[in-house]
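*Asks:* Line by line, the protein sequences give chains A and B. Under numbering that gives the first Met the number 0, residue 391 is the last one in the first sequence; the count climbs by one each step, no gaps. Under numbering that gives the first Met the number 0, residue 391 is the last one in the second sequence; the count climbs by one each step, no gaps.
Nothing false has been slipped in among the hints.
The following residues of chain A were derived to be distant from chain B, with all beta-carbon distances above 10 Å:
1. G24
2. E241
3. A351
Output of the computed footprint for chain A on chain B, the stretches with three or more beta carbons under 8 Å from beta carbons of chain A:
4. 148-158
5. 329-338
6. 370-383
Quick list of the computed label-pair ranges, beta carbon to beta carbon:
7. A/P13 - B/D220: 46 to 52 Å
8. A/R302 - B/E62: 35 to 41 Å
9. B/E74 - A/E142: 18 to 24 Å
10. A/G373 - B/L117: 34 to 40 Å
Keep in mind that the hints were calculated from the coordinates and are not lab data. Quick reminder that beta carbons are idealized off the backbone N, C-alpha and C, glycines included.
Number of protein chains: 2
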Amino acid sequence: MPYLACTGCGKKYPLERHLRCGDCGEPLEVRYEALTPPARIEEEPCFIARNANIFPFPDFRPELSLGEGATPLLEAVHLAEETGIAEIYLKNETVNPTWSFKDRGTSLGIQAALQFGLTRVGTVSSGNMAASLAAFAARAGLEAYVYVAGDIPEGKIAPIAIYGPRLSRGIGDYGRLYYNALALGEKRGIYFISSDNPFRVEGQKTVAYEIFDQLDYEPLDFIILPVSSGGNMAAVIKGCEEMEELGLIKKAPLVIGVQAAGCSPIARAVAEGREKVEPFPNPATIAHAIANPFPPSGNRILRKVREGRADVITVTDEEIIAAQAFLAQKEGLFVQPAGAAPVAAIRKLAAAGRLKPEHRIAAILTGSGLKDTGALAHHHLEVVSVPVDELG
Amino acid sequence: MPYLACTGCGKKYPLERHLRCGDCGEPLEVRYEALTPPARIEEEPCFIARNANIFPFPDFRPELSLGEGATPLLEAVHLAEETGIAEIYLKNETVNPTWSFKDRGTSLGIQAALQFGLTRVGTVSSGNMAASLAAFAARAGLEAYVYVAGDIPEGKIAPIAIYGPRLSRGIGDYGRLYYNALALGEKRGIYFISSDNPFRVEGQKTVAYEIFDQLDYEPLDFIILPVSSGGNMAAVIKGCEEMEELGLIKKAPLVIGVQAAGCSPIARAVAEGREKVEPFPNPATIAHAIANPFPPSGNRILRKVREGRADVITVTDEEIIAAQAFLAQKEGLFVQPAGAAPVAAIRKLAAAGRLKPEHRIAAILTGSGLKDTGALAHHHLEVVSVPVDELG
Numbered sequence: 000m001p002y003l004a005c006t007g008c009g010k011k012y013p014l015e016r017h018l019r020c021g022d023c024g025e026p027l028e029v030r031y032e033a034l035t036p037p038a039r040i041e042e043e044p045c046f047i048a049r050n051a052n053i054f055p056f057p058d059f060r061p062e063l064s065l066g067e068g069a070t071p072l073l074e075a076v077h078l079a080e081e082t083g084i085a086e087i088y089l090k091n092e093t094v095n096p097t098w099s100f101k102d103r104g105t106s107l108g109i110q111a112a113l114q115f116g117l118t119r120v121g122t123v124s125s126g127n128m129a130a131s132l133a134a135f136a137a138r139a140g141l142e143a144y145v146y147v148a149g150d151i152p153e154g155k156i157a158p159i160a161i162y163g164p165r166l167s168r169g170i171g172d173y174g175r176l177y178y179n180a181l182a183l184g185e186k187r188g189i190y191f192i193s194s195d196n197p198f199r200v201e202g203q204k205t206v207a208y209e210i211f212d213q214l215d216y217e218p219l220d221f222i223i224l225p226v227s228s229g230g231n232m233a234a235v236i237k238g239c240e241e242m243e244e245l246g247l248i249k250k251a252p253l254v255i256g257v258q259a260a261g262c263s264p265i266a267r268a269v270a271e272g273r274e275k276v277e278p279f280p281n282p283a284t285i286a287h288a289i290a291n292p293f294p295p296s297g298n299r300i301l302r303k304v305r306e307g308r309a310d311v312i313t314v315t316d317e318e319i320i321a322a323q324a325f326l327a328q329k330e331g332l333f334v335q336p337a338g339a340a341p342v343a344a345i346r347k348l349a350a351a352g353r354l355k356p357e358h359r360i361a362a363i364l365t366g367s368g369l370k371d372t373g374a375l376a377h378h379h380l381e382v383v384s385v386p387v388d389e390l391g
Numbered sequence: 000m001p002y003l004a005c006t007g008c009g010k011k012y013p014l015e016r017h018l019r020c021g022d023c024g025e026p027l028e029v030r031y032e033a034l035t036p037p038a039r040i041e042e043e044p045c046f047i048a049r050n051a052n053i054f055p056f057p058d059f060r061p062e063l064s065l066g067e068g069a070t071p072l073l074e075a076v077h078l079a080e081e082t083g084i085a086e087i088y089l090k091n092e093t094v095n096p097t098w099s100f101k102d103r104g105t106s107l108g109i110q111a112a113l114q115f116g117l118t119r120v121g122t123v124s125s126g127n128m129a130a131s132l133a134a135f136a137a138r139a140g141l142e143a144y145v146y147v148a149g150d151i152p153e154g155k156i157a158p159i160a161i162y163g164p165r166l167s168r169g170i171g172d173y174g175r176l177y178y179n180a181l182a183l184g185e186k187r188g189i190y191f192i193s194s195d196n197p198f199r200v201e202g203q204k205t206v207a208y209e210i211f212d213q214l215d216y217e218p219l220d221f222i223i224l225p226v227s228s229g230g231n232m233a234a235v236i237k238g239c240e241e242m243e244e245l246g247l248i249k250k251a252p253l254v255i256g257v258q259a260a261g262c263s264p265i266a267r268a269v270a271e272g273r274e275k276v277e278p279f280p281n282p283a284t285i286a287h288a289i290a291n292p293f294p295p296s297g298n299r300i301l302r303k304v305r306e307g308r309a310d311v312i313t314v315t316d317e318e319i320i321a322a323q324a325f326l327a328q329k330e331g332l333f334v335q336p337a338g339a340a341p342v343a344a345i346r347k348l349a350a351a352g353r354l355k356p357e358h359r360i361a362a363i364l365t366g367s368g369l370k371d372t373g374a375l376a377h378h379h380l381e382v383v384s385v386p387v388d389e390l391g
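Work out the full structure: start from the sequences and follow the hints.
*Replies:* Set out below in structure tokens:
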């Protein structure tokens, strides 16, 4: 039987609603007595059915899937040419049903809520997670409670509100909003499927399995992805470790998390050799999706760095903007700023000689550029006006 | 050898750059001496490689694919419940690489441009087609010439401009812009991959093949989709007819095109039994993506209606808005207004008794809701403000 275990102190818990360790406060994760490989993408198109072997429940409702996962893995032809690295793959998570990577974790989180007999789910998010949760809750017929920051622009609210969640702007401190909403959830039976929810993490780990499936389990040296709260990065590392245990791959790739220099609490702790993440003062970056100044899974990532499984680095906003333009104008993929951060990192690490021509690399592009069109103001985009009659 | 033939008078042309018939002015289409079935989705993930058998060229550059196609086919659980029709499938084209159905046609159109040795491609579009063309041209290293309407809002320009096309606002009459841009293209060697480009149509037909592949070639009574210029609808009909010829299906489904009542030139011609589409006066609908008042493939659709292959109906803006809300709030899918039109049609035709409980139906959801967030102003979306300290 699968169970929960603390990623910090190892304390075990039954497979229930717990989110974090009662003793040390670190996030819990799902562990399995025995694991068997998932089906291949070509064998089973449904996300839930395909991954049933690497998910913790004996039964599922696959009809609640929105078609998440099985996203394309493209060769980065032009980035390879620029950097001299022959094999760079781009995992395009922008073509998930709500156009971000979050759908994988939400899908399993919703199944967990149903297993626990709950009818209310919640999240504190102003972006990808809010839309994803509201969409999957709608399909499952669950009530979704979404708490957004008080200062979120109107333009970002409507694409969440259209799914019909109970939507609240939290007027006041955003950090406290998270804890107060969670406390409210406890009282009212709202199951929060936040970034470090153990079942969200199980859903998110599938992206690592898929990348290797799509590469026919040929080895990779690095998987590079943006990191904010740390939950998704922890999931990718977990997926790689599981595949190693299962013998699907010989050696897990090093997972490199990328933070924006203007909000890089995990990278800072890595650089300073600390065991605990501290709140990042005055966070400022255009990559809003990775701007968590005090990441709840930060310490967990630091443990993986010490184990030699992971690293965390930074890129500047200028490098992110340049990578966003490169991806659109060379590779044909328009991603939100956070999604461009791994490409910025590849260019930086290649220039520094840490990534070498013989390395095999996969980068995860996390969300659609349509999610944050405000960021386009940072580009010099040209449009000329032409009188119709002067054409032709 | 495949060749081009006029969909109006049947005149044959070699497989070259021609777009319309020199004699009667109707669109050309690709015809094959012999056709063999495409590979199944499970056999070949790449769009170009999978469909090589049903595409007209002997060689391709599959690395220019952006991962288009192979989009999910979901059961419309809630719509089935509401209408009493047991089997309704939703083909979610919003998860293509530029988040609309256009990517299928652009993908093959770009391959055609390369076959013809051209380095410049163009389109006149302010929406899905413009972004799609700019993205695929970027990946292929071709120059993209995109002409948009003079009055297009800034917010819609940037998500096209980010791909780096040569972008021109046409100041003056939008109808004339199309013809003048085409004339300019002739002079300057710009290959226009417009909605009725024969190779775009070949790319678009793949959606019909995929729907049946995903249903294991079980029969369908209807495929329902929005129709504007008529090119995509013609492509879906063509795909169904080809599958019938190939023996993949016994009988092609009736293809029902849906227009917005406020801009319904083809539906009007059908209702009045005319053989030619006439310009629709004073077009007005919130479904901008299907607001072509004088569709270039309109007569072609009318011929298919007379052959008993197709029908065209209308829905009101109110019905579209209600269907958009239903799709998001019940099925978990947020589509642009045009993409909701087929669902509005299903509700309407079921209520009228034309669609019956035993019918098997597929609806094509053409584009992401993020493409037209302005339309959200038509919904009553609720968000409450809550002081953070009063939570918990």
